[in-house]
Amino acid sequence: MDDGFRGTDLDDLMRHLDTTGRVEFGRVLARQAEAGRPVACAVVNPFMPWAVDVAADAGVPSAVLWVQSCTVFSLYHHHVHGLVEFPPEDDVEARVELPGLPPLAVADVPSFLLPSNPFKLLADAIITQFRTIDKGVLGVRQLLHRAGTRRGGGAGRRDDDAAPARSSSPWARSSTWGPTSSRRQTTGGVRGDLIKAADECVEWLNAQAAVLRGAGRSLGGAGPTRGPLLPAGFLDAVAEGRGMVVPWSPQERVLAHASTACFLTHCGWNSTLETLAAGVPVVAFPQWGDQCTDAKFLVDQLRVGVRLRAKPLGRDAVSGRPWRRSWAGQEAEEMRANARRWSAAARAAVAPGGSSDKHVQAFVDEVRRRACGEETAPADEAKVSTTD
Numbered sequence: 001m002d003d004g005f006r007g008t009d010l011d012d013l014m015r016h017l018d019t020t021g022r023v024e025f026g027r028v029l030a031r032q033a034e035a036g037r038p039v040a041c042a043v044v045n046p047f048m049p050w051a052v053d054v055a056a057d058a059g060v061p062s063a064v065l066w067v068q069s070c071t072v073f074s075l076y077h078h079h080v081h082g083l084v085e086f087p088p089e090d091d092v093e094a095r096v097e098l099p100g101l102p103p104l105a106v107a108d109v110p111s112f113l114l115p116s117n118p119f120k121l122l123a124d125a126i127i128t129q130f131r132t133i134d135k136g137v138l139g140v141r142q143l144l145h146r147a148g149t150r151r152g153g154g155a156g157r158r159d160d161d162a163a164p165a166r167s168s169s170p171w172a173r174s175s176t177w178g179p180t181s182s183r184r185q186t187t188g189g190v191r192g193d194l195i196k197a198a199d200e201c202v203e204w205l206n207a208q209a210a211v212l213r214g215a216g217r218s219l220g221g222a223g224p225t226r227g228p229l230l231p232a233g234f235l236d237a238v239a240e241g242r243g244m245v246v247p248w249s250p251q252e253r254v255l256a257h258a259s260t261a262c263f264l265t266h267c268g269w270n271s272t273l274e275t276l277a278a279g280v281p282v283v284a285f286p287q288w289g290d291q292c293t294d295a296k297f298l299v300d301q302l303r304v305g306v307r308l309r310a311k312p313l314g315r316d317a318v319s320g321r322p323w324r325r326s327w328a329g330q331e332a333e334e335m336r337a338n339a340r341r342w343s344a345a346a347r348a349a350v351a352p353g354g355s356s357d358k359h360v361q362a363f364v365d366e367v368r369r370r371a372c373g374e375e376t377a378p379a380d381e382a383k384v385s386t387t388d
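Counted from 1, the sequence shown has number 68 at position 68 by full-length UniProt numbering; the numbering is strictly sequential.
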């Protein structure tokens, strides 16, 4: 489905998706119905709330695939519905307190909820999704198995098979869908990269003893970069064997490699899931969005890494104590042990009968039942798992 957009401005892209996407997505649903292959369920991204409206107008049930953490979902939910007061952005001492979560500083809250957020249209898209989420018949959210707290529960509480929900809240139709892969499954042929990954970096890793894996994924624009991102001579320097720079790496394979000792990450949710599944400690360097919340949990709750706060990040910060803590000493050993435990939890989740395995299959079964016109359990009897 080519929307015809050739621009590079993110705001223009979001506006174009809204106007053109509605029309084109409606045509896709109509073509499928006319061909005798009607869509049984539209699984939509939270950044495209209009897709729920289009599906509803076509009589197609929809489900929101929440692609951030359960903690972030809770923060948006409480903010949109005015259930908790968020302190001023400049109040460094204030804390946001929600049921089942540790106190969060303003800096730990998703930046899309702060007045200084420069990505207004992205924030508006997510907030609109929360206001229209009940238009969808099914509620699917990708949440990380056990990576935090449950409503009203303690930190780290296991709740793979929570009791049936007796609530009309969005939680009543939620299920955990994460992680959906583990480090033992990273060599398969199913990948979602939009850019061809540089698989040769895995060969380079084979010759290394231990490396720091760094990644920086940005949302700077919809098209190619307009200028060099690295200083002059940098690529020549790393070509001498000190490192390797590639446009896009097969991240899961790199994280699963035995030579990868640590991961410098912006703490996006995909990277957070992948590093926990791989059992690799992190150096957290969040920038915006949900990354700040993810970094808070990786460092303070899950205890699998350290955090860099210096901006801009200079040589002194890189060579300083926080960096060294991730590599050597008793604290580093504890981080590695914690990372291994989370990796084991990830493997258990995706194994036959694990939480992710069961919940994905339950969703597929419900879609099939609805497509066949069979009765389904009412929302207030749905089994949920609201771990983060």
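The set of hints was computed from the structure by calculation and includes no laboratory data. No residue lacks a Cβ here, since even glycine has one placed at the ideal position from N, Cα and C. Certain hints may be false.
[To be verified] Restraint-style ranges between C-beta atoms, simulated for each label pair: (1) P352 x E93: 46 to 52 Å; (2) H81 x V245: 43 to 49 Å; (3) R370 x G329: 52 to 58 Å; (4) V28 x Q208: 15 to 21 Å.
* To do: Please flag the earlier hints that this structure goes against, numbers listed from lowest up.
  => Checked against the structure, the only hint that fails is number 4, while the rest are satisfied.
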